[in-house]
Every structure is written in C-alpha cells, then in structure tokens.
Amino acid sequence: MITRSQQFDLGLDKTRIKDPRDAIRQAVTVDALLDRFFHEDPEQRWEIEILADEVGMGKTFVALGVAYSLLEAMQQGSAVDDLRGCYQKVLIITPNNSALFSKWRREVGEFVKRCVKAEYRDQATRWFTPVAVDRIDDLAYELRRPGAAPRVVVANMRIFGGGQLRHYDLKRRYVLKILFRHWGVRFNRDLRKRLLKGAPSGWPSNPKWLDHFNEREWENLHFYEDELLAAIRQLDQRQDVVEKLLDTCKEIAAPYVRGRDELFSRVERQLVHVYRELMGYLIKSDMPLVVVDEAHNWKNGPSSGSNGYEGFTDLIGCRARRALLLTATPFQLRPAEMLEILKVGDHLRTCPTEQDSAARRERLANHREAVVRPVLDHAARASRRFAKAWSKLPAKATGQAIQTAWESPPLAQARELLREAAQRRGVVNAEELEHIIDAALSDVDPDIRQLVREGLRLFVYNTDLSHELGALVVRHRRRTEHRLYRVGMEYQPEADKVHERPDRHVLHAAPGVDVRGEGELPHYLLMRCVSEMKGGKGRSSLGSALTGCYSTLIDSAEGRSVKTRLAGTEIGKVYLDLLMSMVNERQDPKHPKVREVVDAALRNWKAGEKTLIFCFRTNTASRLHDIIDQRIRKELNRRRDQCMGGPESLKTLRTRLTGRDRDLIVLGLDRVLWSIVWMKELEGLADRPIAPDDLELMDHELPQLAALGLRFNVDLLGERVDRVFLNRASEHIIAQRLADDIRPQGMLKRILSSMRDEEWVSGPYGLSPRDDEDEKGAETAHFDERGVHSIYEMWGDIDDEDVQKIASELRERRLRARKQGQTAVLDVYDRGPSLWLGADPRAAWTNACSGSCSSIENTLREMHSHIFSLMQSDNELDWEARRVAMQAIRRAVLRESVLLRLLPDKQDRDEAGWGELLVQSFFSPLPQQQESMADRIAVFLEDLMAASGSITDPDSARFALYDATRLRDQQFVALVSGKSDQRSRERVFSGFNTPLLPEILICTSVGQEGIDLHRHCRHVVHFDLAWNPAVLEQRTGRADRIGSKTFRERALSSGPISSFLDIGVPYLAGTYDERMYEELRLRAQTFEVLTGGDLAADDAEGLDDQKKSEGKEAGLRFVALPDEMVDQMRVSLHVWEDNQESYDE
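Going by our numbering, 1164 is the number at position 1139 of the sequence shown; the sequence numbering is gapless.
Everything labelled a hint here was simulated from the structure, so no lab data went into it.
Everything numeric in this text was worked out from a predicted model, so none of it was measured.
Treat the hints with care, since some could be wrong.
Claimed, not checked - Taking lysine to any residue pairs in the SDA-like style, the calculated list, with each CA pair at most 20 angstroms apart, reads:
no., residue 1, residue 2
1, K631, K196
2, K368, D402
3, K202, E250
4, K659, Q612
5, K631, E276
6, K368, P327
7, K43, Q945
8, K202, R146
9, K705, N883
10, K368, K417
11, K39, T28
12, K615, R541
13, K39, R146
14, K705, R183
15, K43, N883
16, K218, D272
17, K196, A143
18, K218, P327
19, K222, E276
20, K196, R146
21, K222, S290
22, K196, R169
23, K631, P536
24, K844, D824
25, K417, P1147
26, K39, M26
27, K631, R658
28, K196, F289
29, K417, P327
30, K830, I816
Generate coordinates for the entire structure from the input sequences, incorporating the hints supplied.
Put into structure tokens, the structure is as follows:
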C-alpha cells in the first residue's frame, strides 16, 4: 500500500492556509485517495477516482499530494505491484484553457516551495518539477526521456483532439525518409525521385538528402531514425495507414503524372497522420497516474469522442494504471453524464498484465452498471417525484408545517431505519422502504403528506447513492458562514442589520430594490409594451434587458424586436415612443440598480476595498465601467481639493515623494540595514546582533561621507541634499563599520560585503537597472522611480582640506538640528519615518523587543521576512529581486489614488508633518476593515515570496505576479468580456489579485477554472441574475477560496466577527428581476438534492463564458423548504467531517 509521503505537509502552506482545518481536510483526502487506489487488499482497490470538492477548496494541491506520494514510493522501491513497469512520471491533463495550463505548471513549483519540508526541498526541486507539453510528439518525448527529467508532465487536452505540431515540414521530411527505408524496393529510387518533384521548394530533390539537416534542425527532431522505423513496422502490422500512404505515393510518382506539386499536399496530410499514429508505439511503458482537470468536459466524451477523449483513450488511457479526475460540479451533471465520466475506467491498463487489467476493468464496469447506474436512476426518479409533489403543495402549506412534520419522532425514526437499509451493499429493496415510509406518515397533515413521502424516498435513495458512489467520488462542500448575501433592498446602505439574519449565508427572501419614483415609469411602460407585443398572453424575457440599465434595452436584440413589432400598432407605438424617450445613456446613472451598485462600489473604493461585479450583457457592463470610472475620477478631484487645496499642491507632494533631493522620498527608500535588524534569521550570524544604535552615522565617519560626496560630485551642503545618495552612502559607511565590529558570517557577511563595496553607492543595490519604458496608464505619470534608481559616477581626485571642511559643517548642522528638536538630515536613516519601518523606527523596534508587540510590529517583521526571502536564490544574494519587489510595493502605496485616501483633510493636518501622517495612515486599519494598507503590502510580499521561480523569468509564477504591478494600460476600473484577448484578461486578473490596479473589476465572463481573484477582494456583486445557481456559485468562487482576504480579516478580528464575503444580489422589486431571483433562490436550495430532476441546473459546470450561460426560466413557484430537510436529503460524499465550530466564531 502507498501512503501519504512524510516529506510534505500541506499545513506548511501559510500563504493559503489560515484555518488549520483546511490542511487537515486536504491531508485526509490525500490519504483516502491513496487508500482507494492502492489498498492492501487488491479487491478493495478502485482504479478511478473523482475528486469533486467545491471551487476554491484546494483540489490542485490534493492531487499533487497524491502524485508526490506515489512518485516518492516508486523512487524508494516501495510501490505496489500494480505499478510495476511504469514510467516514474505523472501526467496532468488540463482543459483547453490557457489560464489553467499555465496555473498547473506554476502550482507544481508552488507545492514544492510551500509544502515540502525544508530538509527535502532541494532534492524535490530536482525531481518533482513540471514540464509543459502542448504537442503530441512532445508528450511522447517527455514520457520517454530518461534520467533526471521532470517527473510531472503537464499537457493540454487539445493535443488529443488533433492539435498542431511544431516544425511540420521538418518532421514530414524525416518521416518520409524513414518510410522510404521501410518500403525498400516496393518504392524504388526512381519512384522516390519522381515523387519529390512535387515536394515543397525547400525539400531536396535527391531522396538521400531528405535527412540532411543542420544542427539546429536535428535538435527539433525528438526521435532517432531506428526508433521511428521500429514504430513504423509495428504500426504497419496493426493499421493500414502506412499502406494507404504508399498507394498515394505510387499514384503521384507514376510516369507522366501532371500537377505533382498540387497532389503532394495529400502526401503531406498523410505523413502528419502517420507521424501522430506513431506516438502510441513510441510510448513503451505505462503511466502510474493520470490527473485530468475539469473532467466534466468529458461528460459526452465516451459517446462522441469530444474534447480529445477519443485521442486520450487511444494514446494514454490504455497506458494509465490509475486515473484521478478533478471537477467541482458532479451533482449538477445528469445521471447519464455522470456515468459517462466514469467510463474512463473502461480504458485503463490497471495492472502489469492484460489479463489482470481486464478483470479489474470488468469489476469497475460492473460496479458502475449494476450498482451505480440503478442507484443513480432511482435517485433521479425520486428527484422528479419530489419536485412534482413540491409543486403541487396547496397555497396554505407552510415551511413551518413541513419542518414540524420532518422533525417529528416517527419521521426521525423512519430516517434511521432507511439509512440502515441504504448502507447495505447494492441497490435498496423498494418494498422494504415503502413499508417503513407508510408506517411513519399516518399522523402527517394530508396537505403535505405526499411531499414528506417523496422527501423520505429521496432521502433514502440519495443516502444509497452516497454509499455506492462514495467508493469512486470524494466531495467536500464549503462552509458558508463567512458569506453575507445582500439581497434586493439589503444592498442599500441603510440595511445595516443583514449580518444578524440567521440565513445571511445563503440566498434568502428579501424585498427587492424599490423602483418607485424615477425608475417606476420606464418599467411600467415596458410591461405595457410587452403586453401589447404578446397580445396580452404569455411572458417575455424583454424585462431582463431593462433591469440591467436603460440603454441596454436599446442595444439588445429584444429591444430591436419590440421596436419593429410595435412600430405599426397604434397603442403599442404610443407606449413605445414614451419608453424610448426615457431609456438612453444619459438616464443610465439614474437606473435604480445602477445607482445602488455604483454607490456601493464607490463606498468600497473610498475604503480601499476592491469590488468584483458580474454582468451578462456587454452593454450593461460597459456602461457600469464608464459610470463608475467617472464617479471615481470625480471623487479623486474632490479629494484632491479637500486634502491638498488643488492640483498644484498635489504636484508638490508628488515631487517631494519622488525627487531625490526632496524630503519625503525617504519614506519609500529601502533601508537595508534596518531590514537586517528585523530579521531574526540573521541574529546568530555574528558575535552580536545589530542594534538600532549601530545604524547612527557617527561623527568620526562624516569625513568618509564628505569624501564620497566629492568623489561622486554630490553637494552635501546644498539647500536640498540628495536624499537617495545620502541613504546609500550612509549604508555603505555603516556596513564597513559593522563588518569589522561584529565579525559576520554566512549570509550576513555576504550582505555587508555587498554594501561595503563602493558600487553600492553608485547604483541601487550596486546594480544598473533600466527604466520600465513600456509602462503606460492612468497613474504612470504620477509615479517616477528615476530618483530612487539614480546612477552616480565618480569624478576624479578629491582634496583632503575640502573633505574636512564639509565634514565639519555637516557635524555642526546636525548638532543645531538636534538642539532645536528636529531630525537632522544625517539622522533620517536611523530615526526618520518610513513606510517600511513605521513612524518611529526605534520605538517600533523597542516595542517588538519588549514583548508588547502590536499588530504594527508583527506586520513589520512579516514584511522584512518576506523581502529577505525574496532576495535569496540558491543561498546566494539576488539584489535585483529585492529591487523590483521594493519598486512594486512603492507603486502600490505612492499612487495618487492611494495617497489621497491616506491623507486627512487639509484643515486637519500640518503640511510639515506629511511624512508622519502618511506613515501613520499606512499602518492604520482601513475603514470598516481589520487590515491596514501595510497588511495588504505584507500579503502581496507573502504571495511574491511564496510564488515559485525567479522574478526575472517571464515563465515563472513570481514574474507573473510582479508583472501585474507594472502600470501598463491599467485603470481604476477594468472590464473583461468575451471579446477580451487572453493575455489582457490574465493581466487584469493578476493585477486585481494584488494591492494595485484595477480596483474594480467588471466581468461579463470569467470562464473556466484557473482564475483566482480572492487575495484582495471580499465584495462580489451579481448585477445580472442567472436562472442557473451553478453560474452564481462559480462566479462567487473566484473570490471565495482558501487564503482569501475574507478569512484574513476574520482571523484579525478580536471581538465579534464583522467581516464577511459580501455578496450583492440587488434585484429590482416588481420587475422581471424579482421573478428571476425567486426561481434562482429555489434552484439554489435544491442544488445538490435533486439528481437530474426538474430543477437541475441548465449548465452543470456553471461556466459563464458559454452561449446563454445565464440559463432559462423554468417557471417555479414553490414553498421554501426547511434547511434541515434539505441538508438531510443531500448527497454526501465527504471523507472528512468538520464537527467543530468555525475557528473564528
């Protein structure tokens, strides 16, 4: 049996895991999957498993934990016999989604960096590494590659569906050359020459020269000639594709054939086909494990071969011993689709021998067809019967009456008996069930008796389904007590008691946003237009266009239709003309829903909170984008006047913050020696630790400072001293003293050695960085790093007399400043306020050492720990990584929009104290939040530190995160629609997941998995509603994931929890919106209760980038069910149960 590796611990991932129960759940899931795959008793093994945890619960790391444990066992020779003869490699297959493909490549490195224990990490980085393949021959090559090759192969699903090759022409030539050898005299030299007369211009005319490639071309060919020849011979014995190609070649090579150049395209197509078919014969061994992400893409695969399924089974399925399928949506699949996914097991080679594999496949198929299929069918039929009984409840029936009956002792006893029957192996006995159910219903109110009867039937069949399907599926549902749904009128600021509702965490009944007033007449006129258009009969979806915003109606297909159909009717035209006079872009800001959402987004923005808004209609999204953007800019202008008195004062502040000879630039400068003081990791690397007193520039060191000023032609006695030069020169001089005084060792010695070199003064960190020339955007002009990155050049000899004069004057000026109670320019390094050290660096350090450590000191220690980790690479110093990390966090804080929110009103402050004010605001909690801006910067540094790879490697996770902080074409408000190109989408998503821009994100589609938007956002708005609750859950899940801002805020709360994932559903009362919301709420309640029933979601996956993903109306009108009843009827497939109360309640 293979057990979970002891080399990793999922709880070590402190970046994501804030609640230790998440790590426990993930570890238990890894254990359960390994036990099912490799149980000691072969009869208890299951070769296919579906991991179906809800979105954002860490399925990726669970799958990697299984893969790591399996590969380590194979390395150690302790793997089970089932894996004998396998490659020591795991294959991960991602869907046709570039975001997921990139994410999986990064996550392998993240798993090693975050979860593998320190003593095993270096070794793990050499073998548990990813290689990405997006071509079928690259896959075969990587699987075959011996030695210390990467053990985790990440492939895109599309390569099994006929994805393109690289270097087509080269590979066709090569294969044809080998085919000539295979055919021999059957296709002689003369035929070969005549065939090549039709070949492309770059091909040789002599058949012998077909493989005359240069060194670079040979590097692009993965396989030796003899390997391909052996594969061709095997292919020729089993298929006729080689023989068909020979016939085509003979036809074209026949004497006197015309147009060979045109006919040769047939040869090229067949050569590509042959080459693809050869891959199956080049893969000589099996894979121990194949992980398929988003496996619901194959819900129709076995029947249609779609999404690369057929290619997968032909090439990989028959060479895989175990399959782990990942999906978040199994119970929104129809029963037939569920069974289709499980058919992947029909193709596995589960054992070293074909005879044993066939027996195992038969056992899997029998369990699926003889047990799971009938149980699924029973559950589906019970779902339909329950829905029918529910729909026929009389109007006088109430939820309370249903709850009272369901909780009565006879029904509670009946459920226990039914549970015992369901947990026996096989399909439950219907006659036995009916006897138990009938006996329990004698005293139930006749009005609800049939509903309760069907509820008990559904309970037992779903319990049976949980038991039988539970052998193949693991699913954990997310706790939702951290969610707060603001429904309808609750989205308005006056509704401040929503958090007191016991059902706040689910979609619940609440009045809609009132449309009376300006908004009432347009909706009334619309209903009159619909009535005229429909002749007083039926209903129309036209209303959904108007519940978005007024101008959307004009641009919608429904709006154009109503104009066409009513223009020729007398009464209809009157209503239509009145309506159209009121619905236009000028009126959009007054639309009731638009007004509420824009106001809420602006409130969040003022508080430094990000907002994620989802729409379906592109015009609505575009109008929201424009209106919110205008409001933010208007608010910025107001704050500019209120805080600064006008644009000139703000310009002065920016100059003071970025000019190298201005006083406030020191707030953002990196004080590396102070950073060392905060680093506990460096304390034992010297005779004594560095203390704050060591960081004061001594009087006897002033001649050194004066000499440096003269050497680099910097006037230290001018009216405005170059603060950047002074910062570097002070560090350089103090580092020299410390290197001699404290006898540093190891990493500390290397740091001080770098700083005592004169190059440290010449350029930032001794480097010569280039400017980011490609940075463009709303705030680029307001952020200038040239001062911080100044380069100083030496100017030749210096005069000792000048040195002494300057040193003496510097000494006297410092003494005068101290006597006047001011901070001298020479004392700023060790005493001046800093965004990275606090308003009083010495006081913050003293508090930290005294044990009375506040949240500020904890944040400071975290920030410097993360920065220090970033600058280490293979135990070497990476000063460039530190430079760009500091540049990124300066961007985050010193943007105009942030400064204006951090500064108090003009009348409340003294401009001379701007520095201390900014630093104090930086470390103070943001409005209505537990986190400060400093905390958010610490989180960003934590993410940057935890990300794998180099910050300078464009393919790494760390670079992707850093790149999102650059100010190219970024705005306060971003719009992502189906028309956005992939690169732009990924850049916007990455930026939203940092403290930087955008701050408000409006999406018409996010699409499939792989998009994380949770690190700095806890406000989600579903502006346009969907009939399908799966869509809302997928969208909400973008911001509801392990390690989200919501959980950080809750963890920081010292009193009653007041931080939630705020989910807005601002539907309009008395409109199409209201009908849509009520049906959505009912569907959501039974989301995982009714298996394939009438209320099942239209689109199982809830993907919002599909056509008509909002779903369609089912016309539901039901009494709300008690939550306890719904919970007990739900299918349960968990392997870990949380019996504790939430850790933060």
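Margin query: Next pair to validate is K417 with P1147; report whether the Cα-Cα distance is within 20 angstroms.
Written below: 17 angstroms, holds
Notebook entry, point to check: Taking only the CA atoms, is the gap from K659 to Q612 under or equal to 20 angstroms?
Noted result: 18 angstroms, holds
Note to self: Just to be careful, I want the Cα atoms of K196 and R169 compared with a cutoff of 20 angstroms; is the pair within it?
What the structure shows: With a Cα-Cα distance of about 18 angstroms, the restraint between K196 and R169 holds, given a limit of 20 angstroms.
Next item on the list: Verify the proposed pairing of K218 with P327, using a straight-line Cα cut of 20 angstroms.
Entry: With Cα atoms ~45 angstroms apart, K218 and P327 exceed 20 angstroms; violated.
Check: Are the Cα positions of K196 and R146 separated by 20 angstroms at most?
Finding: Not satisfied, since the Cα-Cα distance of roughly 39 angstroms exceeds 20 angstroms.
Note to self: Against the 20 angstroms threshold, does the CA-CA distance of K39 and M26 hold or violate the hint?
What the structure shows: Violated, at roughly 30 angstroms.
Check: Does the structure keep K39 and R146 at a Cα separation of 20 angstroms or less?
Finding: 16 angstroms, holds
Notebook entry, point to check: Are the Cα atoms of K202 and R146 separated by 20 angstroms or less?
Noted result: It is violated: about 46 angstroms lies between the C-alpha atoms, which goes past 20 angstroms.
Notebook entry, point to check: Given the hint that K631 pairs with K196, does the C-alpha gap stay at or below 20 angstroms?
Noted result: Not satisfied, since the Cα-Cα distance of roughly 59 angstroms exceeds 20 angstroms.
Next item on the list: Sort out whether P536 lies within 20 angstroms of K631, counting only the CA atoms.
Entry: 28 angstroms, violated
Item checked: Pair hint outcome, K705 versus R183 [Cα-Cα no greater than 20 angstroms] -> Violated - the C-alpha atoms of R183 and K705 are around 49 angstroms apart, more than 20 angstroms.
Item checked: Pair hint outcome, K196 versus A143 [Cα-Cα no greater than 20 angstroms] -> With a Cα-Cα distance of about 44 angstroms, the restraint between K196 and A143 is violated, given a limit of 20 angstroms.
Violated hints, listed in ascending order, are 1, 5, 7, 8, 10, 11, 14, 17, 18, 20, 23, 24, 26, 29, 30; each of the other numbered hints is respected by the structure.
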